[in-house]
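Engineer: For this one, chain A is given, so just place chains B and C on it according to the hints.
Protein chains in written order, with the UniProt record's numbering: chain A, 1 to 227; chain B, 1 to 493; chain C, 1 to 260.
The reader is advised that the hints may include incorrect statements.
[Said to hold, decoys possible] Under the rule of at most 27 angstroms between Cα atoms (straight-line distance), these lysine-lysine pairs were calculated in the DSSO-like manner: (1) B:LYS204 to A:LYS117; (2) B:LYS14 to C:LYS234; (3) B:LYS40 to B:LYS165; (4) C:LYS234 to C:LYS193; (5) B:LYS423 to C:LYS193; (6) B:LYS408 to B:LYS423; (7) B:LYS14 to C:LYS193; (8) B:LYS14 to B:LYS408; (9) B:LYS40 to B:LYS59; (10) C:LYS193 to B:LYS408.
[Unchecked claim] Chain A residues, not near chain B, derived (Cβ > 10 angstroms throughout): (11) GLU42; (12) ARG55; (13) ALA74; (14) THR90; (15) LEU93; (16) HIS107; (17) GLN123.
[Unchecked claim] Restraint-style ranges between C-beta atoms, simulated for each label pair: (18) A:ARG49 to C:PRO181: 32 to 38 angstroms; (19) A:ALA95 to B:ARG194: 34 to 40 angstroms; (20) B:PRO462 to C:SER215: 22 to 28 angstroms; (21) B:ASP92 to A:THR40: 44 to 50 angstroms.
No lab work stands behind these hints: they were computed from the structure.
Glycine residues also receive a C-beta, built at the ideal position from the N, C-alpha and C atoms.
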Amino acid sequence: MNPADNARARSAILARLREAAPADTGTAPGVAAYYGRLATPERSSIATRFAERARSWRAEVVDCTAHNWAEALARIVAAKGIRHLLAGRTTPLAAGIAALAPATSLHWYDETMETFKPVLFDQIDAGISTTRGGIADTGSLIVWPDADEPRTLSLVPPIHIAVLHAHTLHETLYAAMQAQRWAGQLPTNALLVTGPSKTADIQRLLVYGAHGPKQLVILLLHGEAGA
Amino acid sequence: MSAERPTADPRAFKDNSRLVLADPVLRRNFRGAMDFLTDKRAAQFPDADAFAELRDLGKQIRQHALANLPQLLMQLETRLHENGIHLHWAEDAAAANAIFLDLARRHDAPTMVKGKSMVSEEIGLNHEMAAHGIACIETDMGEYILQLDGDRPSHIIMPAIHKTKEDVAKIFATHIPGAGYTEDVEELIAIGRRALRNEFRTAKIGVSGVNFLVAETGSLVLVENEGNGRLSTTVPDVHIAITGIEKVVATLDHIAPLFTLLTRSATGQAVTTYLNVISGPRRADEKDGPREVHLILLDNGRSQAYREEHFRATLQCIRCGACMNHCPVYARIGGLSYGTTYPGPIGAIISPHLMNLDSTRDLPTASSLCGACGEVCPVGIPIPDLLMRLREAGRHSHPAAQQRQALKGQGAARSIVEVVAWKAWRLLYAHSALYALFAWIAPRLRVLAVAARSGWTRTRAPLRPARRSLREQLATRTPLHSRKALRDRHSPD
Amino acid sequence: MNPPIPRHDRPADVYFFATCVVDLFMPEAGMDAIAVLEHAGVRVSFPAAQTCCGQPAYTSGFPADARAVARTQLDLFAQPWPIVVPSGSCAGMIRHHWPRLFADDAALAARAAAVAERVVEFTDFVVATLGLDLTAAQNEAIALCLHTSCSARRETDALRSGRQLLNTLPGVELRTQEHEPECCGFGGTFSIKHAEISAAMAGDKVDALLATGCSRYVSADCGCLLNLNTTLEKRGEPLRGQHIASFLRNRLRLDSEPAA
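The following block holds chain A by itself, in its conformation from the complex (with noise of 0.2 angstroms):
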């Protein structure tokens, strides 16, 4: 379409709009009040109740440490037959995923979309990322992927690992935005994302895996922040 006609759609429109407007543009809704209200549950059950939401969504929530986490992945990768696994390279979990065994072929996603698309769609089993939090509330994870955990890692593969460490928490989305400072900072995508993909389209059957991952396994890291 011409830039002139956008132009006179958009001043039409908004002329409209205009007209029409209130006087009174209201208050502002009360969202921090509305979120300050509902009750906090207790810090110390955060990691449990966050287990049991994101399980109730069939994910698979494994518990570990900073320490002994790689050696969790090494099991998952055993269990699930993964033989072709994807990872960011420069990530803090890239050291812990490289001393993989030797059985899995570690792909490090490197190269733009556009060449990695016949391994991407045809040979990963699994991605793994790392996740910025996640949410008790709902049993979500923050996913924000950039440049060296590209968007289609932890969502063209049939298995997503995410690794989650448990100090990243919050109660609710709100408190996640409020304390990670959402809006000032937004990537160009941000995702919640809240147990593998799933449909219920035909008659109302849920079935998990639809277009999106068929599995999501977090592994989720206790202990100190930053440990």
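Structural biologist: Here is chains B and C on its own, set in the frame of chain A:
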């Protein structure tokens, strides 16, 4: 399902609904689906007060957004520009389709993969693109099933609820090469996944709707379970999103309560698998994501609803579908009968603005005003009130006193017979002496018996007035205390 | 369980606003409601000039006609007495919709509000204010369903009151029909404009009532009762619905009206 299908035209509402009412299988499918969704939602809102508090917040957020709509759209425009997202404005369906066509041609794209988008249905995108040799491939499992079958969505959240798994088995076996016939739902979904994977991989353009726009951050927020929305907006080179001008909210933190209201009201889930916040195309250092992101903002009649104070609340809608899930009319006739993109109570209040009151004249009356829709609406839209106001607008050529201008098709449902009937009613009921005479005559002449041809008596015995009206009986009654005491108290007629 | 319904002081007098449907189609419900009120020691005043709350025209898109009729009802309730209405939907119309009907005239709106705030649905009044002594009621076993109109359910407290009343009546076994909260399909002119859809709703409601095996159902809304009873009659089913006031009068063994 019977061979004859409801037509996509609201003028056929009565014929359409007759077709569905006569189909016991379809009616069972709808009832089963509605009960399922109603129960699931109820489980998400066990506490009425807690729901009311959250709903009030959702309503405040949407009302605040609408009160500030022009400013928020300007702010959104600035932020989108900063984020590298191209913004297009479309006054109507034709303009929106022209934008799609232009982008498809510029990118030499023979196909587009589509995430679920009701606004794309509203503009008839698939049909328009097909006319220019461009294939739009639906990737939401429900929409995909319908597209293969040449059918239409009957629900805005669960588009294929009118199909059984046997229906889907037949559709897949017929239309997907090598699929074979299976009624196993896991296997059916696996077939759909396999069939669509290659489309995601090769399509140059991905199309999506938008659940919320955030003015503060210039973000497009998408809510979904299947992952097809993420794939459509991530893998193709170009992402084109389309939505209505009303979908914007002021700040990112407004998304938190709206998201939970949406998922709990729509499918009774505490959360969906994905909340997808898109704030820009692939950056230079990133390895995937679309290289171009376009957003089309569609008016298509929304500014008419916006213009009128009493109809503006229509635009608060977050498209959860709870009103249809709880509507006893929708449960009987299903979504296809409405003949509009948006069925059910929300369809009845928004379609007259998107289309006109002439072609949609039967929709506002297709409600017993039971109030179930308004009760469950997560953003407090007074749907029964809006239905009544549309009934009024349909029956009066001149706009009501509070209206700024006539609506499109204002007065189209006006009939002299109906006008005269209400004038006669008014004459009788506003003059007590006349009414008293009528109440004396009516039982004797039985003049109030509803005419046989009215449809009432097809399934009901005729309605007949009592032999003596209450007032007549009271006039000759001995009250319990004393006749005199009571008579003194009666005001003289 | 629901919290108890608040009780008010029992007034010596009440107005009775019968509604047009009761007046012409179900006068026995009005007579029975008055008998119950008088039995409880309340004097009942029936302003003879009353006609209709205006709801039929209002919901059909003719608010000016509705207003003209409702306007004439504003003058009828001079004393500060409660106004008892044996119909949830008419009580709801007055309480919730008269304010909008008279919104553009402050003086009328104030008068409408003064009437509206005194309007109380019959069952609510019986339960919350009358506090009838039910010990003397007959206790013959009966299986009963309660159908509450949508307006009564959403715009008054009649659902809670109705259940409470029936649950405290000796001998009454209250059964719950499938999809109990769902509309019966009456909806005023809806039942004529969309007769087939309305009939499907009424048919399903009747099926649900019959499936409980109840020997009677009661309701505090005559629109629903007419809709469902005529459907049952057309089908040749013996089940019938009764206004809750009529059922109550019968259980309290209050004399029926002397033949006039």
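Engineer: All the hints need checking, so say for each whether the structure fits it.
Structural biologist: Results for each hint:
Note on LYS204 (chain B) and LYS117 (chain A): the hinted pairing holds, with a Cα-Cα distance of about 14 angstroms set against a maximum of 27 angstroms. Under the criterion of a C-alpha separation no larger than 27 angstroms, the hint pairing LYS14 (chain B) with LYS234 (chain C) is consistent with the structure, at around 24 angstroms. Straight-line distance between C-alpha atoms of LYS40 (chain B) and LYS165 (chain B) comes to about 21 angstroms, which keeps the hinted pair within the 27 angstroms bound. Between LYS234 (chain C) and LYS193 (chain C) the CA atoms are separated by roughly 20 angstroms; this keeps the pair inside 27 angstroms, and the hint holds.
Our distance criterion of 27 angstroms between C-alpha atoms is met by LYS423 (chain B) and LYS193 (chain C), whose separation comes to about 18 angstroms. Annotation: proposed proximity of LYS408 (chain B) to LYS423 (chain B) holds, straight-line Cα distance about 26 angstroms (limit 27 angstroms). For a cut-off of 27 angstroms, the pair hint linking LYS14 (chain B) to LYS193 (chain C) stands: about 10 angstroms separates their Cα positions. Restraint check for LYS14 (chain B) and LYS408 (chain B): the C-alpha separation of about 22 angstroms stays at or below 27 angstroms, so the hint holds.
Taking the CA atoms of LYS40 (chain B) and LYS59 (chain B), the gap is about 22 angstroms. The hint holds against a cut of 27 angstroms. Straight-line distance between C-alpha atoms of LYS193 (chain C) and LYS408 (chain B) comes to about 22 angstroms, which keeps the hinted pair within the 27 angstroms bound. The non-interface label for GLU42 (chain A) is consistent with chain B: the shortest C-beta to C-beta separation is roughly 20 angstroms, beyond 10 angstroms. At roughly 13 angstroms from the closest C-beta of chain B, the C-beta of ARG55 (chain A) stays outside 10 angstroms, upholding its exclusion from the interface.
With a cut of 10 angstroms on Cβ distances, ALA74 (chain A) stays outside the contact zone with chain B, its closest approach being about 27 angstroms. For THR90 (chain A), the shortest C-beta to C-beta distance to chain B comes to about 12 angstroms, beyond the 10 angstroms cut-off, and the non-interface label holds. With a least CB separation of 17 angstroms from chain B, LEU93 (chain A) remains clear of the 10 angstroms interface cut-off, as annotated. Its beta-carbon lying about 13 angstroms from the closest one in chain B, HIS107 (chain A) satisfies the requirement of being farther than 10 angstroms from that chain.
No Cβ of chain B comes within 10 angstroms of the Cβ of GLN123 (chain A); the nearest lies about 13 angstroms off, and the non-interface call holds. Range check, ARG49 (chain A) to PRO181 (chain C): about 33 angstroms between beta-carbon atoms, so the 32 to 38 angstroms window is met. The given range of 34 to 40 angstroms is respected by ALA95 (chain A) and ARG194 (chain B), whose C-beta atoms sit roughly 36 angstroms from each other. Between PRO462 (chain B) and SER215 (chain C) the beta carbon distance is about 25 angstroms. The supplied range of 22 to 28 angstroms therefore holds.
A hinted range of 44 to 50 angstroms for the beta carbons of ASP92 (chain B) and THR40 (chain A) is consistent with their spacing of about 49 angstroms.
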